[in-house]
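Okay, here's what each chain looks like letter by letter:
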Amino acid sequence: MSFSIIGTGSALPKTIQTNEDLTEFLETSNEWIVSRTGIETRHICVAESILDIALDASLNALDNAQLKPQDLDLIICPTLGGDTVTPSLACLVEKELGAACPSFDLNAACSGFVYGLDVADAYFCRNKDMKILVIAVDAMSKLVDWKDRKTAVLFGDGAGAAVLSSGDDLKAIHLTAAGNQHALCIPWQKGNHPLLRNQETLLPYLKMDGSEVYRFAVSAICKDLKIVVKEAGITLDDLDYVIPHQANLRIIESAAKRLKIPMEKFVLQVSSCGNTSAASIPLVLDEMNRQGKLIPGTQIALTAFGGGLTTGACILEWS
Amino acid sequence: MVFEKVVEILRNYKEEPELEVTMESSFEELELDSLDTVELVMEIEESFDTSIEMDSELKTIGDVVGLIEKAIA
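Protein chains in written order, with full-length UniProt numbering: chain X, 1 to 319; chain F, 1 to 73.
Okay, chain F solo, but in the shape it has when bound (with noise of 0.2 Å):
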């Protein structure tokens, strides 16, 4: 459910609705510098209403989503 809802935040962030997205793709992969990715844990912040505490080193969309998962648990 926080996947699903993760990659539906990245698509349009980087408007592209087709993009493919898995646990293990990394931001480099995808094309997300470091303030890419704090501009998407800022949306998901807000879509998921929690605060996501960004001390350990981000790579994949996976670290993201425990990352919530922790949060919202």
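So that you can see chain X by itself, here it is in the shape it has in the complex (with noise of 0.2 Å):
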């Protein structure tokens, strides 16, 4: 007995930058962009606070699940970081919602959302009778460096989220990590004390060797999945969906060329949202509960890959 998902949402900034737009301040151009990574546009929190989209999609995940916030016994909030340092993201969310619950962050970066559903498999472990929130939310656009056209063109800002409650829907997960600042760093600030003023200050901003993250990603995603479908007693042919991190759409095709899992199966996002971190598995796995595609019985693959290095996989039996 694990848990089953009984409501989803989602929220986009209002913002929609797309590739001509960025050429205004970039040196890049739509051809560029579309063919390295099948983006072409990506919401930005212009007007909105992280906060802002992280209750939007609460709400909307809420109302699917027809629970009110205090129902809820569980806030975790996958996330590189909101609007504060602390509180922390999941204790804002906590107190617009009016729920009364403990709630936290969790960085696990682009796999923070398999992360998060991990975690909370283990609370149902330990007390069945409980509705958790997962509120996945990063705003890249924040943490990039606008004059690096490498990285800046292949991000966005978003929320997704999830109510669990105790339930048969997760049949298998796996998480790695194996720590490495150089293929995806970014910095903290170091403060002002006295005696660090003559030290080197690095940027705050994303740091990515794009060739290694490429590799990596693909063959996370290669193992990661014949590790789930395995571990749930199935085979990659009984997967209905696979739902995989959207960083780019050439590390999609390449994993699912290698796996012989026809493109058809992988549910996309990318080319509107860009990536969007630990938000963009939960951003599509709403947009499909709300076209009705999840159906009782409808097998599901998660893939995430990530900062850490983190990867996290699962497989799902919609219930």
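Possibly wrong hints are sitting among the right ones.
[What the hints assert, rightly or not] Cβ-Cβ distance ranges computed for the label pairs, FRET-style:
| no. | chain 1 | residue 1 | chain 2 | residue 2 | range |
| --- | --- | --- | --- | --- | --- |
| 1 | F | 34 | X | 201 | 28 to 38 Å |
| 2 | X | 25 | F | 69 | 15 to 25 Å |
| 3 | X | 291 | F | 13 | 48 to 58 Å |
[What the hints assert, rightly or not] Cross-link-like lysine-lysine pairs, in silico, PhoX-like; alpha carbons within 20 Å at most:
| no. | chain 1 | residue 1 | chain 2 | residue 2 |
| --- | --- | --- | --- | --- |
| 4 | X | 260 | F | 70 |
| 5 | X | 150 | F | 59 |
| 6 | F | 59 | F | 70 |
| 7 | F | 14 | X | 257 |
| 8 | X | 223 | X | 142 |
| 9 | F | 14 | F | 70 |
| 10 | X | 95 | X | 142 |
FYI, nobody ran anything at the bench for these hints, they're computed from the structure.
Predicted model, so just to flag it, every value in this text is computed and none were measured.
Just so it is clear, CB atoms sit at the ideal spot from N, CA and C, and this is done for glycine as well.
Join the two chains into one complex using the hints; note that each chain is given alone, in its own frame.
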């Protein structure tokens, strides 16, 4: 007995930037971005705070689950960080929702949603009678260097949520971590202690070795999917859908080819949203749910990879 | 031997069995972008059962052949 997803929600900031818009301040082109990433537009938090989109997605998910905020027993917020270091984003979501339950952020970068599901699973092992909100939110537009054309074009902002109740949807889950600062890193602020004054301060923007991350990502999808289908006692052919982390279309196509899974089974949102980090998988999940694609018995694989380096994959059978 | 195998992998990847390739052919001439290059290196790694460090910038087929020869030596 683990959990079932009884509601999903999502929110995207209103401001949409096309590749063409980016050419106004970056030396890039629509053709370059589309051919290398499949990304056409991304949403950017301009009028909204990170909390605003987190709240919207959470309220959507609660409404979909037909629950009130007061019904929640735990809020887990996979994120690289909200508007403030403390309070955590999860605590601010809890306050604004009017919920009254333990709440914390969880940083597993782009793998955060799957990590969040794994943590939730452990809570259900202790207490079946719970309702847990997993709200994955990232505003990468605040963490990338908008002068770096190689990385800035890849990301967007968004929030995706799932409400969990005890049930049997989760059939298998597998997480990994392998510490690596070279492949992908966002340095933190050093503070202003007088003794640190003369030390070099790294700019707090994302740095990424694209080739290394590409290789890591393709291999992560291939390895993790094989592991979770085996653990769930099914085969890759049994999967109705694969929801991959929406980092780059080329990564997804490469993994699909290697695994011999038809691209039609991979659900994509990368062209309209870019890489929304932890939010990318629940954003797709919510879209599918609202389109009525998730009927009882649907076998779905989630597969994520990201900074850390972390990976996470799971098999869900929709109930 | 390494060169011939790399050419074979490249022709399969591009789905062009008659593709003209020399040690001096650059990825740019072969119309391969940086991610194609990574894909090729991954396929080459699988084929030669080796692991290639991509620290240095790879510009030509000769660069890749050189790295593999070093890796399997």
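Evaluation of the provided hints:
Under the hint 28 to 38 Å, the C-beta atoms of residue 34 (chain F) and residue 201 (chain X), about 30 Å apart, fit the expected range. At roughly 44 Å, the beta carbons of residue 25 (chain X) and residue 69 (chain F) sit outside the given window of 15 to 25 Å. Residue 291 (chain X) and residue 13 (chain F) have their C-beta atoms about 35 Å apart, which leaves the hinted 48 to 58 Å range violated. The straight-line distance between the Cα atoms of residue 260 (chain X) and residue 70 (chain F) is roughly 32 Å, outside the 20 Å bound, and the hint therefore fails.
For the hint pairing residue 150 (chain X) with residue 59 (chain F), the CA-to-CA distance comes to about 18 Å; that is within 20 Å, so the pair holds. For the hint linking residue 59 (chain F) to residue 70 (chain F), the alpha-carbon distance of about 17 Å falls within 20 Å, and the restraint holds. Our distance criterion of 20 Å between C-alpha atoms is met by residue 14 (chain F) and residue 257 (chain X), whose separation comes to about 14 Å. Among the hinted pairs, residue 223 (chain X) with residue 142 (chain X) is inconsistent with the structure: their alpha-carbon atoms are about 32 Å apart, more than 20 Å.
A distance of roughly 25 Å separates the Cα atoms of residue 14 (chain F) and residue 70 (chain F); the hinted pair therefore is violated under the 20 Å criterion. Our distance criterion of 20 Å between C-alpha atoms is broken by residue 95 (chain X) and residue 142 (chain X), whose separation comes to about 24 Å.
In this structure, the earlier hints numbered 2, 3, 4, 8, 9 and 10 are contradicted, and the remaining ones agree with it.
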